[in-house]
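Take these sequences, add in the hints, and give me the full structure.
Chains as they are written, first to last, in the numbering used here: chain L, 3 to 251; chain X, 40 to 422.
These are computed hints drawn from the structure, not numbers from a lab. Warning: the hint list may mix true and false statements.
Computed cross-link-like contacts, EDC-like style, restricted to lysine to aspartate or glutamate with a CA-CA straight-line distance of at most 16 Å [as the list claims (entries may be wrong)]:
#, chain 1, residue 1, chain 2, residue 2
1, X, 162, X, 129
2, L, 56, X, 278
3, L, 63, L, 16
4, L, 211, L, 242
5, L, 192, L, 235
6, L, 56, X, 287
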Amino acid sequence: MSTASLTIDGLTVDFSGFRAVDSVSTVVDAGELRVLLGANGAGKTTLMDLISGKTRATAGKVYIGDTEVTAMSEHAIARAGMGRKFQIPSVFRDLTVRQNLEVAASPSPGVFANLRFALPSSTTARIDEIIELVGLGDRVDTDAGTLSHGETQWLELGMLIAQRPKVILLDEPTAGMTEAETMKTAAIIKAMRGEHTLVVVEHDMAFVKEIANRITVMHLGKVLAEGSVESIEKNQAVRDAYLGSKGIV
Amino acid sequence: MPVTKNTLALATYVVLFLIILAAPLYFDVFWLNRFSKFLVYGMLGVAMALCWGYAGILNLGQGLFFGLGAYSIAMSMKLASPTSLAQGSDTPIPDFMLWNAEPGAPIDLCCITNGSFLWIPFKSQFFGIAMGVVLPTLVAFAIGSIIFRKRISGVFISIITLAVVLLVRLLVVEAQPFTNGFNGLTDLGYLTVFGHEFDPYYVSTYYLIAISLVVVLVLARILVQTRSGLILQAVRDDDRRARFLGFDVPAYQIFFFCVSAAIAGYAGMLYVLVAEFASPTFMDLAFSITMVVWAAVGGRNSLLGACIGAVLINMVEATVSETPQLIEAWKVIMGLAFVLAVLFLPRGIAGLVSRLGYMIVRKPQKMPAARADAVDAEPARAG
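Put into structure tokens, the structure is as follows:
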């Protein structure tokens with residue numbers, strides 16, 4: 003029994019004649035991990051920009067659960083339950099690892115509501131769990147700016163978990179990582195699955211096979227195919243457009 | 040580990056507070072009057088560190104808020120001046136308004152010159168005091184709302200604030216019948232609160248300023264220690280990340296921009312108390328940029344550092360300017376200090392002192408290498 007966590011209905015953006023995303027519709031179930039595949043320029047990152055409010059859609063609608071978030075500003079969409087990780091890792095460089103997570107876990111968005119000191123003890127306990135999960139236990143008092151690339155990515159994943167969104171968008175979470183780092187990232191993402199609904203843009207096929215429930219393939223701004231890993235591997239249109247004749251290796 | 044760091048900062052605060060509160064025991068009123076001005080500059084340093092260091096907003100027009108605070112209280116004090124009461128009217132009239140009035144204009148604040156009616160509420164000194172903080176805050180809110188809601192950032196904020204302070208300065212100079220233009224407001228009366236006159240050479244006036252500085256420093260420090268203060272620093276580091284975590288980023292920037300403006304406006308009021316004038320020079324570009332230098336040299340990431348930086352620089356400047364040959368050279372020295380601070384001490388004197396202090400305290404203990412790295416990377420927040 004599953005319910006829709008993220009619904010995209012006919013989402014379109016028109017950059018003066020060029021449709022980077024062209025009437026894309028899909029439904030991501032609660033707790034599902036959906037991978038977005040597509041060649042460069044297929045519109046994956048633009049689709050994420052549209053969903054998260056960074057770019058305004060020309061047409062179409064986005065729902066988180068039953069709430070329409072199409073025309074909201076970024077922070078309002080975030081508060082409605084959307085978390086997003088960018089391709090280039092972004093953390094608060096001059097704050098410590100723990101402070102980064104404290105900011106992300108802050109329960110209220112307003113400036114006056116936050117004119118207080120301690121976080122609720124339940125939140126502090128959750129931050130400790132997250133630090134454990136992303137494996138930054140010995141780095142909590144380090145400035146985030148001095149972390150390695152992999153550690154920065156994990157911290158950002160931790161911040162997303164701390165934010166407690168219903169839907170998390172991840173744009174190439176393993177870009178630039180070593181194989182060992184990729185495996186650890188896969189473990190973190192798997193741990194996030196279930197509690198959060200995830201949409202992941204990824205190119206590393208081994209990684210995709212490791213984590214994906216379902217795959218949506220985009221091509222030239224449109225949805226080309228959608229289905230399980232096996233069905234996508236067999237899909238002739240996908241093979242022609244993207245995978246070549248050799249299938250998913 | 041954080042205990043030691045905070046202890047060092049706390050010790051510095053306590054020492055500073057003791058020095059400024061004990062100063063009247065050792066200095067006469069003439070020196071206290073001079074010293075009061077330095078403390079006012081120290082308050083401007085706090086406002087600058089809050090805005091620039093914590094919020095990442097390089098405001099090149101802080102003098103605007105200082106000037107608005109100064110003019111608000113100066114208008115009230117001008118109306119309290121004996122000369123204003125001796126202009127042949129039952130009600131006080133600033134002398135310059137008579138010089139600027141059209142022939143035959145009624146000698147009354149309502150209509151002696153264009154806009155003179157705006158002076159009427161300033162007959163109440165409480166109104167003047169209130170406006171000294173409210174006006175800068177409102178103006179900061181208006182400017183901040185436009186800048187931050189439009190997501191203007193970085194150098195463009197500096198250019199806009201710089202343009203606004205010059206614009207207002209021009210208006211003040213041009214509106215001669217209303218502001219006494221280039222000459223500013225001089226020949227002021229005393230501020231009288233509950234029957235107590237704040238004569239600039241009274242010890243009580245010094246204490247008003249010293250205690251104000253202590254309170255402002257403590258409140259500002261508490262403010263940046265709150266979650267809002269932490270989120271503000273997060274916004275400074277990466278506003279997009281903060282936005283996508285669900286924070287209304289402009290609200291944070293506007294709030295702290297306003298707090299900084301309110302502190303600057305309050306400092307402007309205190310300055311008028313001891314200097315006994317308000318002038319358009321407060322809104323000179325050079326003055327606003329000088330505040331940036333104080334904060335840079337003292338340590339813009341440290342409220343206390345920027346405060347001490349401002350006080351020390353002005354003390355040295357006051358000493359130096361007694362030697363004629365050094366007056367011109369002083370500008371070169373200041374410029375050089377600024378360049379050196381930017382190049383070699385990005386966290387200013389505060390960063391240097393904090394690091395040195397920490398090295399001394401840390402010496403007896405052995406620390407794991409990883410922890411030591413963490414310490415080196417963050418001494419600036421100790422202030």
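Just to be careful, I want the Cα atoms of residue 56(L) and residue 287(X) compared with a cutoff of 16 Å; is the pair within it?
Since the Cα atoms of residue 56(L) and residue 287(X) sit roughly 14 Å apart, the hinted pair holds (cutoff 16 Å).
For the pair supplied as a hint, residue 56(L) and residue 278(X), confirm whether the alpha-carbon distance does not exceed 16 Å.
Holds, because 13 Å separates the two Cα atoms, which is no more than 16 Å.
Residue 211(L) paired with residue 242(L) [C-alpha distance capped at 16 Å]:
Answer violated: residue 211(L) to residue 242(L) is near 20 Å, above 16 Å.
16 Å Cα cutoff - pair residue 162(X), residue 129(X)
holds (13 Å)
Satisfaction of hint between residue 16(L) and residue 63(L), Cα-Cα up to 16 Å:
The hint holds at about 15 Å.
For a C-alpha distance cap of 16 Å, please report whether residue 192(L) and residue 235(L) respect it.
violated (22 Å)
Of the hints listed earlier, those the structure fails to meet are numbers 4 and 5, in rising order.
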